[in-house]
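K.L.:
Taken in sequence, the protein lines are chains A, B, C, D and E.
First residue of the first sequence? That's 1 in the working numbering, and the numbers climb one at a time after it.
First residue of the second sequence? That's 256 in the working numbering, and the numbers climb one at a time after it.
First residue of the third sequence? That's 546 in the working numbering, and the numbers climb one at a time after it.
First residue of the fourth sequence? That's 951 in the working numbering, and the numbers climb one at a time after it.
First residue of the fifth sequence? That's 1187 in the working numbering, and the numbers climb one at a time after it.
Keep in mind the hints are simulated off the structure, nothing from the lab.
Cβ atoms here follow ideal geometry from the backbone N, Cα and C, with glycine treated the same way.
Some hints could be false.
Beyond 12 angstroms from chain C on every Cβ pair, some chain E residues (computed) [unchecked claim]: (1) Val1199; (2) Tyr1200; (3) Ala1208; (4) Ala1285; (5) Arg1324; (6) Ser1330; (7) Leu1349; (8) Glu1379; (9) Ile1417; (10) Ile1476; (11) Ile1488; (12) Gly1496; (13) Arg1505.
Taking lysine-lysine and the BS3-like style, the derived pairs with C-alpha atoms no more than 27 angstroms apart in a straight line are [to be verified]: (14) A:Lys122 / A:Lys71; (15) A:Lys122 / E:Lys1506; (16) E:Lys1499 / A:Lys119; (17) A:Lys64 / A:Lys194; (18) D:Lys1133 / D:Lys1015; (19) A:Lys191 / D:Lys1179.
Okay, here's what each chain looks like letter by letter:
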Amino acid sequence: MEHIIETNNLSIAFGGHVAVDSLSVKIPKNKFTSVIGPNGAGKTTFFNLLSGQLRPTNGEIFYKGENITKKSSTERTRMGIGRSFQITNVFPNLTVLENVRLAVQSNEKIRYQMMFHFKKYKKFEEKAMELLELVLLETKADSVAINLAHGEKRKLEIAMLLALETDLLLLDEPTAGMSLEEVPAILEVIKKIKEKGDRTIVLIEHKMDMILDLSDQVMVLFNGQLLAQDSPSEIMENKTVQSAYLGGLHDENSA
Amino acid sequence: MDLIFSLTLNGLATGMLFFLLAAGLTLIFGLMDVLNFAHGGLFAWGAFTGVWIYGLSGNFFVGILGAIVAGLVLGAITEYLIIKPVYGNHIQQILITLGFMLVLTEMLKVVYGPNQRAAQPPEYLDGSFTIGDVTIIKYRLFIILMGIIIFALTSYVLKKTKIGLIVRAGVMNKEMVQALGINIRLIFLAVFMVGSAMAALGGFLFAPYSGVIYAEIGLDYGIFAFIVVVIGGMGSLSGSLMAALLVGLAQAYMQYYVPSLALAVNMLLMAAVLLFRPQGLFSVKGVSTK
Amino acid sequence: AACNSEDTSGGDNGNDQEQGSDSEQGDDGSEGSDDSASKEPIKIGVLASLSGALEVYGKQTQQGFDLGIEYATDGTMEVAGRPIEIIYEDTETTPQVARQKALKLLEEDKVDFLVGSSSSGDTLAVVDLAQEYEKIMIVEPAVADSITGENFNEYIFRTARNSSQDAVAGAAAIADEGVKIATLAPDSAFGRDGISAFKEAAEGLGAEIVLEEYPPADATDFTANIQKIIQAEPDYLFVVWAGANTPWNQIADMDLQGKGIKISTGAPDIAALSTMQPLVGMEGFTVYYHDLPDNEVNDWLVQKMEEKHGTVPDLFTPGGMSAAISIVEALKQSEGDATGSKLIDIMEGMSFETPKGTMTFRPEDHQALQSLYSITLEEKEGFDYPVPVLNRVLSPEETAPPIRN
Amino acid sequence: MMKTLLKVDEINTYIDQFHILQNVSFEVKTGEVTVLLGRNGAGKTTTLRTIMGLNSASSGSVVYKDEDITKQNTHHIARKGIGYVPEDQGIFADLTVGENMRVAMQKEDDATKERMDWVLNMFPDLKKFWNKAGGQLSGGQKQMLSIARAYINENDLLLIDEPSKGLAPIIVEKVMESIQEMKEKTTIVLVEQNFYMASSIGDSFYILDDGMTVHSGKMNELKDDEVLKKKYLGIA
Amino acid sequence: MRQLGKVQISTWVYLLFGCLLAVVPFVYDNLSMLFLIIQIFIFGIFAMSYDLLLGYTGIVSFGHAMFFGVGAYGVSIVLERNEPTLFFLILGILVALGAAAIISFIAGVLTLRLKSHFYAMLTLALAGLFLVAAEKMRSLTGGSDGLIFTIPDFFKDRTNMYLLALISLVVIFFSLRRLTNSPLGRVLVAIRENEQRTMSLGYKIFPYKVIISVISGVVAAFGGVLYALSIRFIDTTVFAVDVTLDALLMTIIGGVGTLIGPIIGAGLIEYAHHFLSELSDVHWIFERWIILFGIVYILVVIFFPMGIAGSIKNMYMKRKHKKEAKVQQKDNQIAS
Ligand SMILES: Nc1ncnc2c1ncn2[C@@H]1O[C@H](COP(=O)(O)OP(=O)(O)OP(=O)(O)O)[C@@H](O)[C@H]1O
Ligand SMILES: Nc1ncnc2c1ncn2[C@@H]1O[C@H](COP(=O)(O)OP(=O)(O)OP(=O)(O)O)[C@@H](O)[C@H]1O
Ligand SMILES: CC(C)C[C@H](N)C(=O)O
Ligand SMILES: [Mg+2]
Ligand SMILES: [Mg+2]
């Protein structure tokens, strides 16, 4: 199988605390990989390493065969690694539409243009609007991002990520705080991307039903280390996973 | 040897003086994150009021008390009228406190007249004595002592109470602190008043040191207090102390050994610290990833 | 709006920014005012720091100028039949504002004379306007040599003494064959110029400069410099200092006098004198102290100041007065003709009586040569500041500075 | 009949010019867990904030223990024994975990110590990272800290906004247990999207939509009412 | 669509206003007032350059006077040492702008990695060093005595100077408006809002910051050039903190993040200053007019918390929203 991203002995320590510990994983191209693990297991940190928000203390990262360990987050985005953030991370005082439009603009590589009015690029705005419709946020297009309700911000976050049209999508708890009613719609979006089969998605989630529904494979992190990597059903059966992560909930929690 | 000793002692004294001027700002700017450009006005008022009361009473320590009271009262007024509406907004803080600074400086002339005023230490602190070849100025020892007292007192209060924590928490998330049952408004007011009182005290102690005070001392030394706080690291009282001493010593030595650079020493020192250790020498803040 | 004077409410403490020609000022001048009203007034624009750090100086000039006009016109406030109108403008000690105000005076008020200002920067920013508009400008009390030096133009006359005169006076007060002198001055153009002029004069008198110290202009601690001075073992320490961060306390604390080093400097205005308590016994010079000159004009000034403002004239009051007197004097000679070019001829070499005795505009650079005073600071009963006591009057010729334009 | 601890009566809340809450009313009985449900932007968070005095109601009243607290200051309200776990956790990022807890503690008596032990036992991660800055915690750890901070005081009423968000299933379970355990002494208003959690610990519920209370009832009725669930919660 | 139309309308309004201003010197020949207006134009330019940093990129600088001073000294030194011909004037301007570009580039590369007040204080230090340098390099700068120089006669005429300043203001205003509305301008705003997020959208923020600080530095220097030309005298005070603070205050009072704001702010401050200081001639009560001036700042914060232009814009937006909200409510009612 072809792998889009590989890590080799990847580690990072904060002070004395090793948050990601000698992680060597391969993520298959155009598949759907989920990452689970207890709180503080290092999932977000792992994403931060992949996307370049953090530099590893040790180890290497290969993207499409190229060593990207030393590349900045900007460069990685341009190479096709896009991510959403667990803690909502948007441009607070800009409108929802402008938030997404900026992402579209970046994707269209219009970066240092200072002669023309930005409205000249009308298609950026149209594209941004389309994305907002996709995540059910079109009615809020003119609201200032900081005024959104929590769940609405999560949706905005997803729209911004989609706008980048990256080959690799790193989704960090995209539906946390999203209402029951709207989760299916977002799932639909993710599924559509998955079904097209030309992108790789890595998802961090604590909602097991979602993981089971979407994943081709599941990685379990535990204390910064890879505990298991397997198909979803196998993972559910794994005793350690059950006791350390799922607790007694796993069978009831399928509503 | 004598020379080194003398330069060091005087550098320390000047440093302590700077610390006294900046200590209040460590609370107000370092801890409460208020860009208070009227800070200098507070120490000008402390200086004039203290000198006036010292003159009336003939007692230096009554003068100190007078300065402190002036600082507390002005601090309360400043916080209530000027700062309260602009917490958390640096831009507005700059504008409103600069406006208030003009008012404070000009009011000073209305109240105390536009002339500069002489200020002498009380007799028992006046003059100097010599050990070997070294002349030691009494008032400087007094300044060093006052600096140590203020430092010890303030750090004791900050260590032993939750006030420091609460203020820092309040700056980060005021609503949450209130939701935890804390009257953050009152605490901000109190801390601001104490910071202002420290500024006023610093101003008063400055007066006999330089021998003269004038309405614009606030303008002249205000920025300086900011420099000390930034070099020391935001919110760190011991940082401010160290930074102030460092600046004082650097000035003393540069003025002796490299006089041509003395004019630029403050700025050079600050530039160097910011370039190589931007969070300041002893920062307690800025650990957050934001 | 500023050019038409409101009636100046009588007995206030001189806070009026402008005191027009309103006759209530001089009660003995009531005749003549009728026919003078028909004549075109002479307008004088005075630039001074009336707010901000130098306002004390500005106000001294202002008071002195008002009195000077009153004195020179015998209270009629008119010369050669023309009433005099004075317009004060506040430069706020900012060159940009000074220039703007000067333009206002020249363009809007169409003044015939400019006077000012309290800082050299403000003055330098406007001197070329005097030339451009061909109006006489009396420089008072700005001291920078360059005003009558490299930046001189023929419309500029200065009643104030310049830095070099100070320096020469300072030298005359202490320098002598074989005397060793150390200097202390701020590290600025003002300080360095002052010392270099002093050095020239002192060395001319046979003294030796053993050390020059230039601490930063905003220094708070002078001990490092004083250390060096002590080590150099001079007979005198000559200090040029302006600005409020004075070194006096520290000089006293380091007990220079006890170590046999005498201090010398120019005595400042009274408020600043009070900060020189530690320097009692010092020998130096001064531009003016009210009981030093012995002449009628000064007597009048002292008396009038007491009547009007309840104080004695201070350092720059006589300067303001001298500027006013010089203008009136020149106008008398021109019979009320305020044309710049005409006045230049009259004023070059013109002598006039001032509170500081006779002053003369030197033809070459229009700098007024004037008396300065060698003094000793002494403690005196009833004064809360050390009082300058006259050693001797330094004659105008003695303190004449080099011509540098 | 159980006593009413909190009564929210016809409150209207504006943020700037936006009319966010429109006549929201509900009652909370002592000893019950009352759950607020509704989709994103429905006004759940705004409701809790209005109770806490963080947003002010332009009309209507909030009555707590028979006292009208509508216009009171937040810290007064909190001192009356109302704890709050905000939606965004409200962690003081630059303070350590320990300092975060210390700021929260209203008293430093034995009972507080006891509760502290209990909380740290429930969330051992907090003990482990006691000296770490709050801002450096993982998302779930922050959530734990936020809950722990509210638990540390003796509260009669707790307002908890989406506690399960970002927590591992096993921790969600612990939080549920803790709520069950506390029910003895403390009444709870819960905003929760995790319907499993909401339905298993909730006693009664209110559904908000577009700033209005559109439905209310007992939780066990809702659990079985497929039509209602579909209509308001989109759960099939 | 509607938006596009509106932009054009405002452009016409600004242009019309510019034309009206151009007529002023021909109908109103109060020359010292013209000088005041010239100063407003100049500080308007300077404040706009500051707003590029503060309002559009979120960078607080306490050392902007550095560029103003470099511009002023650049042109002054060239003119002082040469004949006041048009050639040397242009040469002087080029020297000034070139020096500013180089300095702002180097300073930017050195300092822009620092955040918030760290950057602010570092720029304060840099400007302070420039001040010391100007003080010390007396053969070049004249030290604190300053430099007096002459300019080509054409610009000695106040009307011509006025037109020069006005045209500069208008041209710079429109260029900067285009710049801030360009795709690059939008990225600047994104940087102001959230640097880290901007990076993870694939923008390199550092080059943006350097670009804008160079543009801002050059425009500020041009302000300094005009300033020097308008008073034909400069001294070291052009490097003083006060100069930076003036720009800062003008920008804040007018409204950060709007280009018209700084111009309004410059007008307001310069005029209030002028007006209030003249008051002291009216009655001695106003001798302490600076108190009133300080109170103006305080009142602006209280009544126009977002600055004048900002608050007006905000009010307008709110009104628009309210209307929309009402419409929506009606729709809802109809729907239900
Ligand atoms: N910037 C940082 N500085 C110090 N420690 C950190 C930092 N970021 C994360 N950590 C620590 O590293 C560990 C892993 O954190 P991470 O955010 O990756 O967890 P996670 O698996 O995403 O957990 P969650 O499910 O709660 O989001 C935690 O113990 C956290 O405290
Ligand atoms: N400051 C504000 N200005 C304008 N609108 C706001 C503001 N804060 C919230 N809103 C709007 O108010 C509505 C209610 O928000 P609230 O946060 O109460 O929703 P919620 O029910 O908690 O949603 P979620 O489940 O997403 O957290 C939302 O539509 C939101 O966009
Ligand atoms: C004596 C003072 C009026 C001198 C003033 N500081 C100047 O620059 O000229
Ligand atoms: Mg995480
Ligand atoms: Mg919510």
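K.L.:
All hints, please: hold or fail.
P.N.:
Structure-based check of all given hints:
Under the 12 angstroms C-beta cut-off, the non-interface status given to E:Val1199 relative to chain C holds; the minimum distance is some 29 angstroms. For E:Tyr1200, the shortest C-beta to C-beta distance to chain C comes to about 27 angstroms, beyond the 12 angstroms cut-off, and the non-interface label holds. Non-interface status of E:Ala1208 relative to chain C is upheld: no Cβ of that chain comes within 12 angstroms, the nearest being about 20 angstroms off. Taking the minimum C-beta to C-beta distance to chain C, about 22 angstroms, the non-interface status of E:Ala1285 holds against the 12 angstroms cut.
The claim that E:Arg1324 lies off the interface is violated: its Cβ sits roughly 7 angstroms from the closest Cβ of chain C, which falls inside the 12 angstroms cut-off. Here E:Ser1330 does not stay apart from chain C, with its beta-carbon only about 4 angstroms from theirs, under the 12 angstroms limit. The claim that E:Leu1349 lies off the interface holds: its Cβ sits roughly 17 angstroms from the closest Cβ of chain C, which is beyond the 12 angstroms cut-off. Distance check for E:Glu1379 against chain C: the nearest CB is about 36 angstroms away, which clears 12 angstroms, and the non-interface claim stands.
Its closest Cβ contact with chain C, about 5 angstroms, brings E:Ile1417 to no more than 12 angstroms, contrary to its assignment away from the interface. Remark: the non-interface label on E:Ile1476 conflicts with the geometry, its nearest Cβ contact in chain C lying 6 angstroms away (cut-off 12 angstroms). In this structure E:Ile1488 is separated from chain C by more than 12 angstroms, as the shortest Cβ-Cβ distance comes to about 25 angstroms. The Cβ of E:Gly1496 lies farther than 12 angstroms from every Cβ of chain C, with a closest approach of about 27 angstroms, so its non-interface assignment holds.
A cut-off of 12 angstroms between C-beta atoms confirms that E:Arg1505 is not in contact with chain C; the least separation is 38 angstroms. With a CA separation close to 32 angstroms, the supplied pair A:Lys122 and A:Lys71 exceeds the 27 angstroms bound. Simply put, A:Lys122 and E:Lys1506 have alpha-carbon atoms about 23 angstroms apart, close enough for the 27 angstroms limit, and the pair holds. Restraint check for E:Lys1499 and A:Lys119: satisfied, since their Cα atoms lie roughly 20 angstroms apart, inside the 27 angstroms limit.
With a C-alpha separation of about 19 angstroms, the suggested pair A:Lys64 and A:Lys194 falls inside the 27 angstroms cut-off, and the hint holds. Proposed proximity of D:Lys1133 and D:Lys1015 is supported: the alpha carbons are some 17 angstroms apart, at most 27 angstroms. With a C-alpha separation of about 24 angstroms, the suggested pair A:Lys191 and D:Lys1179 falls inside the 27 angstroms cut-off, and the hint holds.
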